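Protein chains: 2
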Amino acid sequence: MERLIDELRKLPGVGTKSAQRFAFHILRASDQDAESLSSAIRNLRQHLRLCSICNNVTDIDPCSYCSNATRNPHLLCVVEEPTNITSIEKTRSFNGLYHVLHGTLSPIHGVGPEHLRLQNLWSRLADAVEVILATSPTVEGEATARYIADELHRRSNSLRISRIATGVPAGSDIEYADEVTMTRSLENRREM
Amino acid sequence: MERLIDELRKLPGVGTKSAQRFAFHILRASDQDAESLSSAIRNLRQHLRLCSICNNVTDIDPCSYCSNATRNPHLLCVVEEPTNITSIEKTRSFNGLYHVLHGTLSPIHGVGPEHLRLQNLWSRLADAVEVILATSPTVEGEATARYIADELHRRSNSLRISRIATGVPAGSDIEYADEVTMTRSLENRREM
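Residue numbers (my numbering), protein chains in the order written: chain Z, 622 to 813; chain R, 622 to 813.
Hint data in this document are derived by calculation from the structure and do not stem from the laboratory.
Since the list can't tell identical chains apart, any single copy or any two copies may satisfy a pair.
Restricting the straight-line Cα-Cα distance to at most 16 Å, the calculated cross-link-like pairs of lysine to aspartate or glutamate (EDC-like) are:
hint, residue 1, residue 2
1, K638, E628
2, K638, E623
3, K711, D799
4, K638, D627
5, K711, E800
6, K711, E808
All values reported here derive from a predicted model rather than from experimental measurement.
Whenever a hint applies, use it, and build me the whole structure from the sequences.
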């Protein structure tokens with residue numbers, strides 16, 4: 622029991638109290654439920670891999686996005702981490718495919734282009750019409766987008782390369798926008 | 622003394638404690654400082670008016686922006702309130718003139734176009750090349766921008782009408798962007 626509590630406490634946001642509650646719940650659960658949870662944890666690690674096309678975390682290769690025939694294969698969205706795919710899927714406004722970098726350029730931390738999963742991006746360009754660079758508008762995310770945009774321009778003349786807009790968040794008053802965000806919001810203005 | 626404390630307490634964010642500290646400070650100040658503060662308050666109200674061109678709050682008419690010959694008179698930025706001008710000035714990336722609406726459309730609260738200071742906007746269009754609609758990306762701000770954009774299109778064929786970008790704020794991770802902001806950030810994407 623104590624070993625289980627110790628293990629559960631390692632989960633993010635779970636303290637001793639919660640770990641005890643989880644442990645007692647598992648103690649009282651049916652054999653089947655306990656076994657399901659146990660094997661789900663084991664299976665996750667045994668079967669999880671990166672999609673050979675887009676580098677998304679997946680249990681089947683190619684992943685469910687890359688193998689989905691209803692998605693637009695000519696539109697690629699480049700993101701930093703697999704979790705970012707969820708953010709973009711929630712919008713229900715993107716129907717293309719993804720490419721996960723697993724990081725951002727960060728010279729200070731010794732992360733160069735060779736540490737990002739870029740090789741299989743270059744090999745996907747033949748089919749692509751547009752590449753949307755959806756790295757975060759942080760220093761590292763902007764540097765990464767700039768680097769990839771330059772490389773894409775070098776490798777293809779016809780490709781459309783775009784960057785997600787930086788600006789005032791929806792529902793927010795411009796009074797609360799910081800100066801950099803307000804500057805970008807003005808620069809990124811679009812015709813109405 | 623008590624009357625002064627009562628008056629000071631009406632200032633936003635000032636409670637009894639702060640009001641007392643202010644009052645004692647004024648008590649101890651020189652005659653000259655006390656008189657300066659008193660007359661500054663009186664003068665503000667006596668001399669303050671709205672600029673006849675842009676509706677900004679000003680003590681001279683036209684205001685310091687409208688009478689500044691170094692600013693670009695062909696570029697107009699439409700904002701909700703005079704305080705929004707400060708937000709945009711801080712960016713140091715806008716050198717045009719302003720137009721203050723003093724409100725947003727809000728049918729629920731009975732605010733229609735006739736309640737906004739729009740008449741003197743229409744009369745400024747002859748000189749304008751571009752009008753940037755910098756109302757907030759809130760429901761009311763978007764409705765106001767849409768209404769003004771439609772009116773501007775109706776009144777001028779050659780005018781460029783633009784809207785500030787809604788998107789992920791600078792320095793923020795896309796993981797923290799809500800769905801509407803992320804959707805707009807994708808829609809407002811620009812070529813790189």
